[in-house]
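Q: Going down the list, the sequences are from chains G and S.
Residue numbering for the first sequence follows this note's numbering, beginning at 1 and increasing consecutively.
Residue numbering for the second sequence follows this note's numbering, beginning at 1 and increasing consecutively.
Heads up, a few of these hints could be off.
Claimed, not checked - Pair by pair, the computed Cβ-Cβ distance ranges are:
hint : chain 1 : residue 1 : chain 2 : residue 2 : range
1    : S       : GLY91     : G       : GLU23     : 38 to 48 Å
2    : G       : ALA90     : S       : GLU52     : 39 to 49 Å
3    : G       : ALA12     : S       : ASP38     : 22 to 32 Å
4    : G       : LYS230    : S       : ASP17     : 45 to 55 Å
5    : S       : ARG156    : G       : GLY184    : 43 to 53 Å
6    : S       : HIS160    : G       : GLY184    : 23 to 33 Å
Read the hints as simulated data drawn from the structure, not as lab findings.
Using N, Cα and C, we set each Cβ at its ideal position, and we do this for glycine too.
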Amino acid sequence: MRTNMGNTDEIAALQTFRADLPELGERAEAAARADLLANLAMRPTPRRRPVLRIGVGLATAAAATAVWASAGQLTTDGEARYSNAAVEVAKSDDGWTIEIKDGSADPAAYREALTGAGLNVDLDFVSALTPLSAPDPDTLDDGLLASEIRIQDCAKGDRPENCDVVVVTSGKAKDSDKAETLRGLTVAEAVKKAEDLNLGVSFASGTLNASGKGTIHIPAKPWTPSDDAKISGAYLSTPTKLTLITEETLP
Amino acid sequence: MVRGSLEAPERFAELFDRYARDVHGYVARRLGAQYADDVVAETFLVAFRRRERFDASRDSARPWLYGIATNLVARHHRAEKRFLRALERTGVDPVAEAFDEGVVARVDAGEQQRALAGALARLSRGERDVLLLVAWGGLSYEEVARTLGIAIGTVRSRMHRGRVKVRAALGGVDPTAGED
Chain G
1 MRTNMGNTDE IAALQTFRAD LPELGERAEA AARADLLANL AMRPTPRRRP
51 VLRIGVGLAT AAAATAVWAS AGQLTTDGEA RYSNAAVEVA KSDDGWTIEI
101 KDGSADPAAY REALTGAGLN VDLDFVSALT PLSAPDPDTL DDGLLASEIR
151 IQDCAKGDRP ENCDVVVVTS GKAKDSDKAE TLRGLTVAEA VKKAEDLNLG
201 VSFASGTLNA SGKGTIHIPA KPWTPSDDAK ISGAYLSTPT KLTLITEETL
251 P
Chain S
1 MVRGSLEAPE RFAELFDRYA RDVHGYVARR LGAQYADDVV AETFLVAFRR
51 RERFDASRDS ARPWLYGIAT NLVARHHRAE KRFLRALERT GVDPVAEAFD
101 EGVVARVDAG EQQRALAGAL ARLSRGERDV LLLVAWGGLS YEEVARTLGI
151 AIGTVRSRMH RGRVKVRAAL GGVDPTAGED
């Protein structure tokens, strides 16, 4: 490895970072082991996580448009707009609007558009869903289609390249007869179901029509709607986290 | 061992005995002890639930467990960034402080540690996962690709970008400049 800074290398430097934290203690390890065994005893049979489904219609590749709803947090200067056959990226008064035009395009096309619009960011593809269905990623059919690009995890003043950009891909659940319906539930009811499935929860605002199309407003900071707000849709934002879209508007 | 646990779940505890300390150390460095206790417990429960999907051709379950733990750490990535930024800003590490009972004295971090914290906070989550799985988990690029379900080219590109950013934060230059 070539270095121009003495013999320091960044991996070696990283290996010193928090390297002196104490190890898991024997008592804590024994307690954790006992908990694990107790839990295993209650789960003798491997099972698949149930599938969530929102609404009655199903899972075509909805071209949902994600709006980054916090103007001014992305700091690329000047007008920024880029369009190709796959996607159009534009800066608006509300932030950045990224519209998927071709959900089956090569990921390079999305990357090209984002870079062309001045968003030099890393892309992560997350196996997920249309706003209509929230299947377990393990039960997704092949041939996922991009349905949404989200820019997230930006702190105020961050440059865009410091944010996480996620391309959410849609898919149909293979095992839809085990689905549970979230659409129409209250926030409190949907959160309970998500917890039962070991899924973390975050919230966005938006109203989606029956086919799953609509605009989703993603809050700049973690936001919690009222418990009795109605669920309009949902998607898995990571394999372990469900984003619930509620009809309540952002503050 | 994982395959054996399909027929005899109690054998799964052997997996815990062999790897729990390692996985806990990795998660604790990212999130602190309190989060690590929960994440490690869940890692093994998830592994148990998914044991049928474990690729028996793998040499070791260790990378597989690190992959599960990394996905669970993702639930707390905002906390992870918050801790890193606090360390960068104040020189006091909330992660080290979380180990109480006087095990770790509260020591102000040096400039390099603060710079590293800032660099790690500014990486994308994907870059941070790859970099730390290699640096702290000791996984190979191939193991990272397999456990995170991404192409090895993606691992290499994230490693490259991550290293460049960390090196820059340490005041150096692109460590791979000039390499073929």
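Q: All hints, please: hold or fail.
A: Tested hints:
{"no.": "1", "hint": "S/GLY91 x G/GLU23: 38 to 48 Å", "result": "24 Å, violated"}
{"no.": "2", "hint": "G/ALA90 x S/GLU52: 39 to 49 Å", "result": "46 Å, holds"}
{"no.": "3", "hint": "G/ALA12 x S/ASP38: 22 to 32 Å", "result": "31 Å, holds"}
{"no.": "4", "hint": "G/LYS230 x S/ASP17: 45 to 55 Å", "result": "48 Å, holds"}
{"no.": "5", "hint": "S/ARG156 x G/GLY184: 43 to 53 Å", "result": "46 Å, holds"}
{"no.": "6", "hint": "S/HIS160 x G/GLY184: 23 to 33 Å", "result": "47 Å, violated"}
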